[in-house]
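Line by line, the protein sequences give chains A and B. If you read the first sequence in this note's numbering, its first letter stands for residue 1, the second for the next number, and so on. If you read the second sequence in this note's numbering, its first letter stands for residue 112, the second for the next number, and so on.
Simulated from the structure, these hints should not be mistaken for laboratory data. The hints are all genuine.
With a straight-line cut-off of 30 angstroms between C-alpha atoms, the simulated BS3-like cross-links for lysine-lysine are: (1) B:K155 to A:K103; (2) A:K106 to B:K120; (3) B:K155 to A:K57; (4) A:K42 to B:K168; (5) B:K155 to A:K59; (6) B:K168 to A:K98; (7) B:K155 to A:K106; (8) B:K155 to A:K58; (9) A:K42 to B:K125; (10) B:K120 to A:K98; (11) A:K103 to B:K120; (12) A:K103 to B:K168; (13) A:K42 to B:K155; (14) B:K120 to A:K42.
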Amino acid sequence: ILNVEQSPQSLHVQEGDSTNFTCSFPSSNFYALHWYRWETAKSPEALFVMTLNGDEKKKGRISATLNTKEGYSYLYIKGSQPEDSATYLCAQEGGSEKLVFGKGTKLTVNP
Amino acid sequence: NAGVTQTPKFRILKIGQSMTLQCAQDMNHNYMYWYRQDPGMGLKLIYYSVGAGITDKGEVPNGYNVSRSTTEDFPLRLELAAPSQTSVYFCASRTGGSVQPQHFGDGTRLSIL
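Bound-form chain B, shown alone:
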């Protein structure tokens, strides 16, 4: 059971480039989340989804887009990378409809130069 899988683990981008961070879970979880973690700032929610075809903004959505075409996958897209998006990105998932913990992926470390 792989849990939550994030790819890539590391990436360096140039300003203005675009990329997609992949997140997949094999636990049949309805709810999926994207967070960014900056030093001293804790986890900030970027976007979340409560099921296929449904997404909503979190606290810091600007500069990002998401889609949820299947239950398993929740990719995060950066269209025009900016230095402020240098961060560690975590994807998480959990069962919906009850109070359950989130399961996190191992993170993607992204640097934009």
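Excised from the complex, chain A in its bound form:
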């Protein structure tokens, strides 16, 4: 079983702050790294799927980087807004059809 760790568990920031959080995963048997955004009372929505070492993806104010050699990915949010409040999940895909999810980072953006 792959072990995917996310930190911090929770984070409170003020509107306008930029923030980032970490996803750590075993660097062996790596196939892809997924990021999902999960708002309360809704279902997870895909943000990014990354496969290549050094890969960077961006969607609006949210971006992610990937380091497969050392086994980590960062998710960045620039100029946080209250609507960014959600739990951010990462998941590693290890070459099978399965994803192993971390426990998530819960972000609260205070107006």
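With chain A's structure known, arrange chain B on it following the hints.
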């Protein structure tokens, strides 16, 4: 385009009862998954399927059964409900054969009393 549809949204069961959680997708996805989400524990994979007629166990399969007779449907069955199965259940699907994200249903909240 409905995406992934789960029914019911909520259900209360008594210990020992059985029920089937329904999941249907209209995106012609080969891969389908069932997860449970417990507080502080993230998403745990129960069962998954890579195509009609093919299913396999995930991390926490005990107490559950699945079938995949069509590409569209992937029901999850609880045979003898136990309090430990109180959880929120999510179904997901994705295209197979390439690195694609999963699409999730809205979840089924199940309480067993």
